[in-house]
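Trainee: For what it's worth, UniProt numbering labels the leading residue of the sequence shown as 1, then goes sequentially.
Careful, some of the hints might be misleading.
Stated by the list, open to error - Simulated DEER-style distance windows between Cβ atoms:
1. Ser167 to Lys27: 41 to 49 Å
2. Asn156 to Gly30: 30 to 38 Å
3. Lys27 to Gly90: 35 to 43 Å
4. Ser50 to Ile164: 29 to 37 Å
5. Arg150 to Thr45: 32 to 40 Å
6. Cys133 to Asp98: 16 to 24 Å
7. Glu144 to Gly87: 37 to 45 Å
8. Gly46 to Ala143: 23 to 31 Å
9. Glu29 to Glu137: 37 to 45 Å
10. Gln102 to Arg150: 20 to 28 Å
11. Tyr166 to Val40: 36 to 44 Å
12. Glu137 to Gly87: 21 to 29 Å
It should be emphasised that the hints constitute simulated quantities derived from the structure, not laboratory data.
Cβ coordinates follow ideal geometry from the N, Cα and C atoms, glycine included.
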Amino acid sequence: ALLTHHSSYVAKALSGPRKGAEEGIIKLEGVEYGIFEIFVNWLYTGKLPSKYEDWLVQLDPHLEWRMEQKLVLIKACVFGDRFLVPGFHGAVQNHIIDFFVQWGFFCYLAIIHAFANLSSNSPVLQLLVDAHCRGFEDGNDDAENGELKRRDQLPNSFLVRIMIRYS
Numbered sequence: 001a002l003l004t005h006h007s008s009y010v011a012k013a014l015s016g017p018r019k020g021a022e023e024g025i026i027k028l029e030g031v032e033y034g035i036f037e038i039f040v041n042w043l044y045t046g047k048l049p050s051k052y053e054d055w056l057v058q059l060d061p062h063l064e065w066r067m068e069q070k071l072v073l074i075k076a077c078v079f080g081d082r083f084l085v086p087g088f089h090g091a092v093q094n095h096i097i098d099f100f101v102q103w104g105f106f107c108y109l110a111i112i113h114a115f116a117n118l119s120s121n122s123p124v125l126q127l128l129v130d131a132h133c134r135g136f137e138d139g140n141d142d143a144e145n146g147e148l149k150r151r152d153q154l155p156n157s158f159l160v161r162i163m164i165r166y167s
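Let the sequences and hints guide you as you build the complete structure.
Mentor: Written out as structure tokens, the structure reads:
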């Protein structure tokens with residue numbers, strides 16, 4: 001009942017004639033455990049992790065911790081958007097704004113994931129552009145952190161928004 005109250009996606013999936021609805025089971029494809037754990041904690045407490053180190057959920061053991069924090073924030077936002085959980089989605093968006101105010105721009109992995117998974121009218125996408133324009137310095141990208149290689153993977157829509165912002 002708690003899930004159906006917060007997520008219209010879950011409510012709809014459990015009310016249809018599908019096999020999962022009959023069994024009361026929904027398979028969430030492509031959702032990492034750590035992201036789901038953050039969601040479940042929010043579901044029961046109404047709060048997101050207060051310390052940024054609490055956002056570290058071991059997505060990739062080779063990923064620098066600062067990049068992981070940023071990627072987890074974006075993946076949590078995508079989760080809230082994808083599964084139609086407006087309360088969680090809004091709380092994560094506010095957390096992303098707080099992060100931007102305190103720490104500045106986001107890594108390319110987070111930008112790539114956001115532009116691939118959020119709708120084009122998401123305010124988070126424009127925030128990522130604004131954050132990049134405000135805080136980027138060429139020295140931020142190097143071979144050690146992998147950002148130089150990721151430049152080629154940046155979405156065209158991100159680059160066009162930057163071009164428009166500077167025009």
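Trainee: All hints, please: hold or fail.
Mentor: Verification of the hints:
no., hint, verdict
1, Ser167 to Lys27: 41 to 49 Å, "45 Å, holds"
2, Asn156 to Gly30: 30 to 38 Å, "23 Å, violated"
3, Lys27 to Gly90: 35 to 43 Å, "26 Å, violated"
4, Ser50 to Ile164: 29 to 37 Å, "36 Å, holds"
5, Arg150 to Thr45: 32 to 40 Å, "34 Å, holds"
6, Cys133 to Asp98: 16 to 24 Å, "19 Å, holds"
7, Glu144 to Gly87: 37 to 45 Å, "39 Å, holds"
8, Gly46 to Ala143: 23 to 31 Å, "42 Å, violated"
9, Glu29 to Glu137: 37 to 45 Å, "38 Å, holds"
10, Gln102 to Arg150: 20 to 28 Å, "23 Å, holds"
11, Tyr166 to Val40: 36 to 44 Å, "41 Å, holds"
12, Glu137 to Gly87: 21 to 29 Å, "36 Å, violated"
When each numbered hint is compared with the structure, violations occur for hints 2, 3, 8, 12.
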